[in-house]
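Protein chains: 4
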Amino acid sequence: MGKRIQLTQEKAVHRERLSGVFAPLTTPFDEQGNILLGKMASNIQKLNGSRLRGYLVLGTNGEFRSLSTSEQMEVLKAVVKTASPDKTIMAGTGAESTKVSIDLCHQAADIGAHYGSLITPFFFAKNMSDHALINHFVQVAEKSPIPVLLYNNPGVTGITISTTVVKEVSSHPKIVGMKDSSPGNLSAYILSANPGFCLLAGSANFFFTALLMGAVGGVLSLANAFPEPCCKLYEIGVGGKLEEGRELQFYLMKVNQLVSGKFGVAGVKAAMDFGGFYGGPTRAPLAPLTADEKKKLREELMAVGFLKG
Amino acid sequence: MGKRIQLTQEKAVHRERLSGVFAPLTTPFDEQGNILLGKMASNIQKLNGSRLRGYLVLGTNGEFRSLSTSEQMEVLKAVVKTASPDKTIMAGTGAESTKVSIDLCHQAADIGAHYGSLITPFFFAKNMSDHALINHFVQVAEKSPIPVLLYNNPGVTGITISTTVVKEVSSHPKIVGMKDSSPGNLSAYILSANPGFCLLAGSANFFFTALLMGAVGGVLSLANAFPEPCCKLYEIGVGGKLEEGRELQFYLMKVNQLVSGKFGVAGVKAAMDFGGFYGGPTRAPLAPLTADEKKKLREELMAVGFLKG
Amino acid sequence: MGKRIQLTQEKAVHRERLSGVFAPLTTPFDEQGNILLGKMASNIQKLNGSRLRGYLVLGTNGEFRSLSTSEQMEVLKAVVKTASPDKTIMAGTGAESTKVSIDLCHQAADIGAHYGSLITPFFFAKNMSDHALINHFVQVAEKSPIPVLLYNNPGVTGITISTTVVKEVSSHPKIVGMKDSSPGNLSAYILSANPGFCLLAGSANFFFTALLMGAVGGVLSLANAFPEPCCKLYEIGVGGKLEEGRELQFYLMKVNQLVSGKFGVAGVKAAMDFGGFYGGPTRAPLAPLTADEKKKLREELMAVGFLKG
Amino acid sequence: MGKRIQLTQEKAVHRERLSGVFAPLTTPFDEQGNILLGKMASNIQKLNGSRLRGYLVLGTNGEFRSLSTSEQMEVLKAVVKTASPDKTIMAGTGAESTKVSIDLCHQAADIGAHYGSLITPFFFAKNMSDHALINHFVQVAEKSPIPVLLYNNPGVTGITISTTVVKEVSSHPKIVGMKDSSPGNLSAYILSANPGFCLLAGSANFFFTALLMGAVGGVLSLANAFPEPCCKLYEIGVGGKLEEGRELQFYLMKVNQLVSGKFGVAGVKAAMDFGGFYGGPTRAPLAPLTADEKKKLREELMAVGFLKG
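Residue numbers (our numbering), protein chains in the order written: chain A, 1 to 309; chain B, 1 to 309; chain C, 1 to 309; chain D, 1 to 309.
Source of the hints: derived by calculation from the structure; they are not laboratory data.
Misleading hints may appear alongside valid ones.
The list cannot tell twin chains apart, which means a pair is met if one copy fits it or any two copies do.
[As the list claims (entries may be wrong)] Straight-line Cα separation of at most 27 Å, BS3-like style, residue types lysine-lysine; simulated pairs:
id: 1; residue 1: 143; residue 2: 262
id: 2; residue 1: 46; residue 2: 174
id: 3; residue 1: 294; residue 2: 143
id: 4; residue 1: 308; residue 2: 77
id: 5; residue 1: 167; residue 2: 126
id: 6; residue 1: 174; residue 2: 39
id: 7; residue 1: 39; residue 2: 262
id: 8; residue 1: 294; residue 2: 81
id: 9; residue 1: 39; residue 2: 167
id: 10; residue 1: 77; residue 2: 254
id: 11; residue 1: 126; residue 2: 254
id: 12; residue 1: 167; residue 2: 77
id: 13; residue 1: 46; residue 2: 294
id: 14; residue 1: 143; residue 2: 167
id: 15; residue 1: 167; residue 2: 295
id: 16; residue 1: 126; residue 2: 46
id: 17; residue 1: 77; residue 2: 126
id: 18; residue 1: 167; residue 2: 262
id: 19; residue 1: 241; residue 2: 126
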């Protein structure tokens, strides 16, 4: 689906590399909050065999802001080393200042990330005018060795990237797309953006309709634990099969509400434990599920047929 | 489209009466804020000839909270008197207390409204627990002579009706549906609701995808000024025509952003003036468009081909 | 305390009539939500004997938006009839439109209220610019038979009246003051306002410091149940006695947190029941305290020595 | 003023070291966003001669989240090296995770900071329950080599530290106080806290009343540019002089509104330029004042007599 347009060769390559389902990788910790790079590698080895298009490392589900910068880079190295060559790697390189974001893009590029993902700076949220954000995104893109995507997550940042910003920056040759986790704005971004700009749905809750309206893929937390049904929904959406798509969309939404909707990263990690991956605890002060919550979640996922006894 | 299910005869009748496009009628005022019932009647006479399924009177676009109760009832009388018999009439009967809401349902029923529309009470927003809202909706429904719909508008009320509330009340024989103006929740409501429950999209911005996911219609402010393209999109959506639908959806979204998105009720009224209806000023302290804003809006609507010179 | 300034005779009279503690009267209901005017009268008869400066009727604690307009006027009549002649009566006359607010001011004046209290219109909160609010307040004041006060309650309305608005309207001869329930803005309003403008603290939580900075009084929900300690704090504050005032302020804050802070109007009504008044239930969907909550509140108030066994 | 209580010797020492006015130091940048440590040193040398009690380095006004961790430590080193020995040094050591916060406390202690200031983690704001925050603060305090203060700034974090949290952690021997930038909660924190806990007002807007209610000092952005009037207000507040204090409070509030209220960090830096310090630009994407804004601000400060021609 999507708009049928003539793209430059470069934009066409980006579109190909960004089309499909991405898992926003979680960062495995032990009970003391130490990073377990071995578990990270074994998770990725399993995911390598799926139809996932790639990985987003150092995003919200990766608890990136809970890591030191050196820890972030260790995690990224482990991913680059383990990911199969066909997987696209996006790395969270958005910091609170333009300067530090540029520096992170350089570090991530050196390690081997393909794209940088730029969350909106939000510490000074009230001062993040369209003008300030446009300058930020353009300057980072200009100085970054790798192309970048915007990351719109008002639930965390309190900032909704405006259609004006998207319109303005989406023609930039090195700003190739946006991951949108806002509720209900994705169509408006597609409408505003330059045709070559790649929109990625940031939640399984609206993945199917996003594809129908022209999104090229999705970054779905559920794909950490259950990549296949996510890839299936992508396939159906791209094929424009309404009946099938609606059914699977509602089913995945139900699962997503139980896992990510109710519990966030901690729920995703619990679901990974159920799905044969290492989820493990979150890093404090973010709390993992209690034993009771985890037991109940397992039962609910079994009740909807998503887990087998 | 929509779920194929067996409905009781009663629910099937409601579904039929609620399927399609509704105009949320504006209330015409003169410059001093006096209601012009004659203008109201002439607007409706024009709309009677359209394919609109019906009218929502005394909603947000009707500036219902800016009217006294007696004015509200005068407006409703004018609508009931003028609407052609095939049009379904929903009236805003939601007040801040259960008792007053019930009283408004009685008054509206006596005048001839077919359905009451219940905005969530929100003066004491922090106290509106699921439990409180369920009690409110059920008690109003029980005592109302006419069936009711919920009205979810977090942008105004600060309250997002939870899927728990929808799940709980959607089986009630007299709570027949919900108008949803929230960004991005409509699919979740369809998933949670009893299959016979009728969801209506509260904005042209997501009307097409709402229909694809199972909404039965929409209450679209744009339909006050331009009913036909709205009805066309409904027809396309129900027919599941993806290419055509996407194109018209993006087009109407562009118009809707210029009109309702940017200016709210005041913009809708200006668009009505352009479209051959009486829009006129809003009631203070809500301000109408300035002459400059109105001129610019006309030019923008001409630029996108929505208005002819 | 307060600024020492030359006031016009008229302003001096208002200042005298607004200086002190006001009880924001609750509206008594039976279990079915019917108004009990007899209970209202007996509450007021008890309060008449206190040092309260007057009553605010039809405010937030009066659940005014949960009443029909005719009910509101019945309540006001009961207050006017029962209040002793030395008590100042402010009535909530702020509606969502300028026109209806003016009409309510006329009705309230006819019944005998001394001042109208104008909550900011907030249904169209996003459109309530400084300009719109200034126009609204000035137009209502111009056409109202009685002087008015602004009512700033962002916790309910989502709107914080700006210092620009206060600066602009505070010189108007018929806009005589403001009840401020915002957290922490009162000093800024005093700084911005015309010297004759009367600021009333909207909560016991900051009553003492408000008086030290120049507020003329307070509208304190606690005064419904326990008028004397509120009047005592006023006296101490006006006298500028720091040690005593700090101690009583902390004590009343502790009580206020248990009652109003935790439970809102429902808590105030429970405290009235404890204090020998008729509190009774709130009107649905606002829920009263459960029996357990009420028992625990009584114990907590006894533990801090506010209630005797 | 303040509560007269018996403190342990240790708590008495902390109280002495935290009583007075602190400047939340800004970080000087050149036009390219490079840190100018020499300018930092010359600013501090000037401030060393004032009556300021000490410095908060790496706070909101220091744009700490816009710096890399290694930059943060360079800045701290410069401050420790330059501050006169009588000044107390607090360093922002609060990160998004407990682990990284502990690490920053170690780094800051090694460099020579006296106290760590812990902003609430807020990336996962919705998950920051009282329980999570209590665990976080206590664990950091236990493992930090230096005592810590909480930093409550809901305008930035979206989180208001509850009185429950304050009550719980304020008895911990290594959690010695809190800087509170929330509007209107400071008295409630004093009421809830263990008597030895030191409250610092986070804004000049409520400094005087905070002192009257028992705060031991303030962290005032204005003190970067104009330390003396801030110290004067402290002296008056501690002395309980109402008339004088009210007058100076209103005057400083007027200045603070023009500078910090309207322009935030960028305004503070402009005021520093006027006051004989190096303010300079903010780091992108945070924007400095335009030439016009700066000119107008200078005129306004001259108009209120705060700057001389």
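Here is how each hint holds up against the structure:
With identical chains, the CA atoms of residue 143 and residue 262 are never at most 27 Å apart, being 39 Å at best within one copy and 32 Å at best between copies. In this assembly of identical chains, residue 46 and residue 174 lie within 27 Å of each other by CA distance neither inside one copy nor across copies; the values are 31 Å within and 46 Å between. In this homomeric assembly, residue 294 and residue 143 never come within 27 Å of each other (Cα to Cα): the closest approach is 45 Å inside a single copy and 30 Å across copies. For the identical chains of this complex, residue 308 and residue 77 are neighbours neither inside a copy (35 Å) nor across copies (57 Å), given an alpha-carbon limit of 27 Å.
Proximity of residue 167 and residue 126 under a CA criterion of 27 Å is satisfied in both settings, with 21 Å inside one chain copy and 24 Å between copies. In this homomeric assembly, residue 174 and residue 39 never come within 27 Å of each other (Cα to Cα): the closest approach is 33 Å inside a single copy and 36 Å across copies. With identical chains, the CA atoms of residue 39 and residue 262 are at most 27 Å apart within one copy only, with a shortest distance of 25 Å there and 46 Å across copies. Taking CA atoms no more than 27 Å apart as the test, residue 294 paired with residue 81 passes in neither setting, with 32 Å inside one copy and 51 Å between copies.
Proximity of residue 39 and residue 167 under a CA criterion of 27 Å is satisfied in neither setting, with 41 Å inside one chain copy and 40 Å between copies. Taking the closest pair of Cα atoms, residue 77 and residue 254 never come within 27 Å of each other, the shortest separation being 34 Å inside a single copy and 44 Å across copies. For the homomeric pair residue 126 and residue 254, the shortest alpha-carbon distance between copies (21 Å) is at most 27 Å, but the shortest distance inside one copy (35 Å) is not. Within a single copy, residue 167 and residue 77 get their C-alpha atoms no closer than 34 Å, and across copies no closer than 44 Å, so neither meets the 27 Å cut-off.
For the homomeric pair residue 46 and residue 294, the shortest alpha-carbon distance inside one copy (23 Å) is at most 27 Å, but the shortest distance between copies (56 Å) is not. Proximity of residue 143 and residue 167 under a CA criterion of 27 Å is satisfied intra-copy only: 21 Å inside one chain copy versus 48 Å between copies. Proximity of residue 167 and residue 295 under a CA criterion of 27 Å is satisfied inter-copy only: 24 Å between copies versus 46 Å inside one chain copy. In this assembly of identical chains, residue 126 and residue 46 lie within 27 Å of each other by CA distance neither inside one copy nor across copies; the values are 42 Å within and 31 Å between.
Taking the shortest Cα distances, residue 77 and residue 126 never come within 27 Å of each other, neither inside one copy (35 Å) nor across copies (30 Å). In this assembly of identical chains, the alpha carbons of residue 167 and residue 262 lie at most 27 Å apart only when taken from different copies (17 Å versus 33 Å within one copy). In this assembly of identical chains, residue 241 and residue 126 lie within 27 Å of each other by CA distance neither inside one copy nor across copies; the values are 43 Å within and 37 Å between.
Hint check: violations occur at hints 1, 2, 3, 4, 6, 8, 9, 10, 12, 16, 17, 19; the rest are consistent with the structure.
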